[in-house]
Amino acid sequence: MNAIDRLPEPTNLAGAQALIARVQALLDAAGLAMRAPPPEPTTCCGRGCNGCVWEGWLAAVAYWRDEASLLLG
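At position 62 of the sequence shown (counting the first as 1) the number is 61 in numbering that gives the first Met the number 0, and the numbers step up by one without a gap.
Hint data in this document are derived by calculation from the structure and do not stem from the laboratory. Note that the structure is predicted; figures quoted are calculated from it, not measured. Each hint should be verified, as a subset may be incorrect.
Stated by the list, open to error - If you anchor each label on the Cβ, the simulated ranges turn out as follows:
1. 38 with 8: 16 to 24 Å
2. 27 with 51: 27 to 35 Å
3. 72 with 17: 17 to 25 Å
4. 4 with 54: 18 to 26 Å
5. 20 with 0: 14 to 22 Å
6. 49 with 8: 18 to 26 Å
7. 8 with 33: 12 to 20 Å
8. 41 with 1: 29 to 37 Å
9. 47 with 0: 29 to 37 Å
10. 16 with 42: 15 to 23 Å
11. 1 with 39: 20 to 28 Å
12. 44 with 4: 31 to 39 Å
Built from N, CA and C at the ideal position, the CB exists for glycine as well.
With the hints as extra help, turn the sequences into a complete structure.
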């Protein structure tokens, strides 16, 4: 288990932004490069849709975190 594995799964925008910053700092400290995190959605209508773009984005951020964890070893 590495430092990324101990980071919580994001559940909101602020948590995801903090997670992204922390993961990027850990990768930078290890001298590792990785693809950019997924961009924040810009198409949310704000009606609380089932399958909202924010749900997909949070899942994509979690996947990006998992990929970074594998890279960090």
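Can the suggested window of 17 to 25 Å be confirmed for the beta-carbon pair residue 72 and residue 17? 23 Å, holds
Is 15 to 23 Å respected by the C-beta to C-beta distance linking residue 16 and residue 42? Taking Cβ atoms as reference, residue 16 and residue 42 lie about 18 Å apart, which means the hint holds.
When you take the CB atoms of residue 20 and residue 0, is the distance between them in 14 to 22 Å? Holds, since residue 20 and residue 0 (Cβ atoms, about 21 Å apart) stay within the stated range.
Given the hint of 29 to 37 Å, check if residue 41 and residue 1 actually sit that far apart at their C-beta atoms. 32 Å, holds
Hint says 20 to 28 Å; check whether the CB-CB distance for residue 1 and residue 39 agrees. With a Cβ separation near 26 Å, residue 1 and residue 39 satisfy 20 to 28 Å, so the hint holds.
Verdict for residue 47, residue 0 (Cβ pair) under range 29 to 37 Å: At 35 Å between Cβs, range holds.
I want to verify a distance hint. Is the separation of the beta carbons of residue 38 and residue 8 within 16 to 24 Å? Once the Cβ atoms are compared, 19 Å apart, the range 16 to 24 Å for residue 8 and residue 38 holds.
Starting from the range 12 to 20 Å, see whether the pair residue 8 and residue 33 falls in it by beta-carbon distance. 18 Å, holds
Holds or violated: 18 to 26 Å for the Cβ distance of residue 4 and residue 54? Taking Cβ atoms as reference, residue 4 and residue 54 lie about 23 Å apart, which means the hint holds.
Is it true that residue 44 and residue 4 lie within 31 to 39 Å of each other by Cβ? 35 Å, holds
Lying within 27 to 35 Å: is that true of the beta-carbon distance residue 27 to residue 51? For residue 27 and residue 51 the Cβ distance comes to about 31 Å; the hint holds.
Take a look at whether the Cβ-Cβ distance between residue 49 and residue 8 falls inside 18 to 26 Å. 20 Å, holds
Hint check: no violations occur; every hint is consistent with the structure.
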